[in-house]
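Need the complex rebuilt from these two chains, each delivered in its own frame; the hints are there to steer you.
Chain by chain, the residues:
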Amino acid sequence: MQPSSTPSSANLAGWLYVSPLVLVLVPFFVAPILVVLAASFFATDGFGGLTPGFTLANYIEVLHSSLTLKLYLATIKFTVLTWVFTLIIGFFVAYFLVFHVRNQLLAIGLFLLCTVPFWTSNIIRMISWIPLLGKEGLINQALLATGIIHQPLEVLLFSDLAVVIAYVHQLTIFMIVPIFNSMARIDKKLIEAAIDAGASRFDIMRLIVVPMSKSGIALGTIFVVSIVMGDFFVVKVMSGGGSASVVSAFYEDVGVLQYPTAAASAMLLTLVLVAIVALILRTVDIRQEITR
Amino acid sequence: MTIERGDIELAGVCKSFDGVTNVVDGVNLRIADGAYCCFIGPSGCGKTTILRMIAGHEDPTAGEIVIGGQNVVGLAPVQRRTAMMFQSYALFPHLTVRENIAFALRVRGMSKTDRLRAADAMIEKVRLTQFADRLPAQLSGGQQQRVALARAAITEPRVLLLDEPLSALDEQLRVQMRQELRRMQQELGITFIHVTHTQLEAIALADLVVVMELGKIKQAGPAREVYAHPHDRYVAEFMGGQNVLTGRVEKVNGASFVLAQGVTDGIEVPLPPRPTVSIGDQIDIAVRRDDVILVRPGQALPAGCKSPLPGRVLAIEYQGYFVKVMLDATPDDDFVAYVPEKIFFADPFIVGDAVLATWATDRARPLA
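These protein sequence lines are chains A and B, in that order. Under numbering that gives the first Met the number 0, residues 0 to 291 are what the first sequence spells out, in order. Under numbering that gives the first Met the number 0, residues 0 to 367 are what the second sequence spells out, in order.
Certain hints may be false.
Derived SDA-like pairs (lysine to any residue); straight-line CA-CA distance at most 25 Å [claimed, not checked]:
#1 K213/A with L172/B
#2 K188/A with A222/B
#3 K111/B with D202/A
#4 K188/A with M176/B
#5 K187/A with L168/B
#6 K188/A with G265/B
#7 K213/A with S87/B
#8 K69/A with E251/A
#9 K235/A with K188/A
Calculated from the structure, these hints are not laboratory results.
Just chain B, same shape as in the assembly (with noise of 0.2 Å):
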């Protein structure tokens, strides 16, 4: 009954430790067979104890995992043909790499120059032959990564897990190697399940974006679903990118609802497909960071734009190909706009100029 296909399925899945509070909140979650997927959300919000339940390191306490069309509660990390990466990787230290990567095929009774030159062969696919026989202390992070991506996918699994495997590598190492990982990926060609709290990994990397708060599943869906279209305030900020306002439905004529707020006259915001707001209503509407337009007072709005906030810009970032300008627009002073670098400097503010801040009102989205 050995398991061939990746796909999986957890159904109510609860995780309590106590018994009183639960770390994973009854979740409902359905995974491809070769998909990427990425869990994300803040510390303690219960993905790690996912990942470790479907790796057969936990135990849920309640609901079904199901990997392959086989429910697999209960069942050892071997029979579930899952591999984890644990963060920090957790090598054997007195092992070298050769000895690392050969593991589990040694305790799987494989014989020695069997073994021996499987372990050769994975380790040139994560060119690090000429680093075979040190030990991992002798290793860079990004080595030491390779080593444990390698001795996690020698057995074949179906289903690779890694816990926060970027997370102990610099920035620039960070990048070069979650290329690396997307290209395992592909070409062992089986399901990742990936952890992280990095927004820009998630996006990068997933097919499959799963955004966690307090053991629930906010949102799940592609990368670029859950950037652009957040569900709701939580993810929205979040996952970062977006300026979230908050107000009251004023109007709402046809395909438009106007939000009143108190600093404008209103905004105008596209109503959503299946209309659920009235009037009245207290609602969130998200407007992405670089779809907000900079004009001077006096200066007219772009055609498109309607109600622009007026503001101060408090603080300015450089970050390359965009300025980031901070305004005191909405009440809770994180009202953002990425200006591209070009029109920034056309004309560019300085801290503490009055501005406003307008955007196509078809780019306005409400929240739910």
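This is chain A alone, in the form it adopts within the complex (with noise of 0.2 Å):
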């Protein structure tokens, strides 16, 4: 048997350790990537042919493009709003679930309930909105029985508004499960001793809860994002059709095959997301928190 120590089977067993994260990521995120990467830099004879070169042309024409800014605007709107309110949201639920609910038991099967909109698919939870929002629909009916409004509000469905909700009714998960971990590791004993300097409830989430949740607030920053910025199904179901965003604008291009400029308009979406991981990531030291 070799001495582990030895420079090249040291080398070895590194590269063993990698391999099964190699083995994933390799065909299924960076060849991908490559692949899009390249196209985006080929010409195309506007049938759905390429014709392998280099050229900018794609690039230029996106970022020339008015409707690229006003897509990019429509997109972090929706963004925005979705993480503020999914933050709101997921920060209480993993609050309650860690500060007031004291029986362990009891809290993890209130967090198991949080998972139960996951067991049906997401068309069915975007289409179980309809019967609620829509003109006909309950909060209408409701509204229009108390006498509150006269005229069935429009707002309500197929509508930015919906998409926001959509979005949120999806995505709080995202946030409820990172901040929820990041809490449960609060020692109970630093709430006490908050407690015994005299703080009040409030001081307690301003200047110790929140601070320490940091890094879970963090990750679920990051997949709330990522996953809106990437997703044009809800937009344009929700929507009917009305809004658009950075993603169905490409898919678009895909469906009338102008597959070069949809990979530019993929890669510059790549690399504003990985600018705004980045920031997150410059902001809260997720490794440092996670360690800690």
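Shown next as structure tokens:
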């Protein structure tokens, strides 16, 4: 047997340790990105055929289009709104589960209950908003019956409001889980020490719980932001086609066989997302927070 | 209605978590203002629960807790003017030393400059000035302990409650921090209540030692009284330093009585001031381990010593200034003599030697 301290076998062991991750990441992440990257520099004959080569025309087209900025603004609006609401709801649900449910079994039970919506498909979850929010839906009927409104509210369904509602519904769990996780690791003695020092409930939340949940909030933010920015389906269905997002635009490109332009848009979005995630990681040192 | 004095009175205090068993069972105790009081007992004896009830982190099921003449049951810790130093310190990991210490002032609404100035003064008092901007994780155990102490003391409480403050430290540091605690207590001039399970810590620090078992106080008194004059077998064995012997009273004559013991022809024990001993009683007596004198069979007993216990040396431990000699002189094989080093090595015993254990008759004490 070789002594494991020799450089070559240590190297080999290192490669063996990372090989499972490499085996997953290379075919499912690195390769597709490279394919898209290559395609974004190709020319097209307009009928789906690609001409290998190197041209920046696709990027110039995407960056010159006034539509691009508009789409990014629309997408960022959805992202920010969804982020704000999922953060508020996710934070307080996690806070309640960790600090107010004394019985650990009950807390875990309630936590699992939060995942119940995921037992049905995404599409069904969206469609089920229609009988609630629609023109003849429950909310409009109730409001009409109580006499608060005299005309059904059109803004409830097939609108930006509906898009945000659907996003929040789908993505709050992605906030709850990491925030719950980081809150659960806060030593209850710290809360007691804060009470002993005279801190109010609000002080404790502001000065202890929020700063110590930072890593969870950052992780949840990464999940929510990257999912919303990379989505087109919810926007399409819930806005009734009235709104668009970055992805829905290049989905259209794919539909009309403009693969290189779609690829260039996709690369641009990837860069924007990488920048956002880098910004989040700069603000919160997740690695340090987790190992603390 | 601020509380100005730190004297504490516990009256019939009970605590039950499940409604069936009392973790703290009818505790009555008076602690003087500015005293250093140590609660000591095995884990689960209720000492920490008492501390938490005084601090206001638990409410008693029954009874009154009076601080400075005011019943504080139901009041928040701030209103009681108590402060607690938690076991393993519970320092806020995301705040620096200075911010940790200033925390209580911050939530009281003190301005930033004022509270940081007050914190810096306190940091100097606990000699942490060069570490003021570090996070707790970057400090050693002893430094963390000083931060915890400073954080608790910054609000000028009347009573400081310490939950096993030294248990996370290694032996050498523990002795050092013990002195620091005492120094802080004298400097601040406030009541300290300290929970521990280390006998040495309690008697080294406390003006008032409270020995507990199963939610009840077994004995409360000055350190020397509790150590040298334990009230009963439990206290004697828990505080250590005593040999406890059991026997039947054979004779009561004037100032002493004779205890029959299987292995010997009777041990003479002086009577307590109020004799409650009568012939036939089953009774425990205590003899301090450092009062025991070991002689070889056949040697003359020292003056004032009677009725030696014969035994064999089971084990010998060198402790530095004395030697711990364990004998099989009692049925439970738990008879120990602390022999001064010089005397022991003048004529050393080895394991297996037959010896006689004796003591001056007036050194034996009956236990309740």
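To test your reading of the hints: which numbers does this structure violate? Violated: hints 1, 2, 6, 9.
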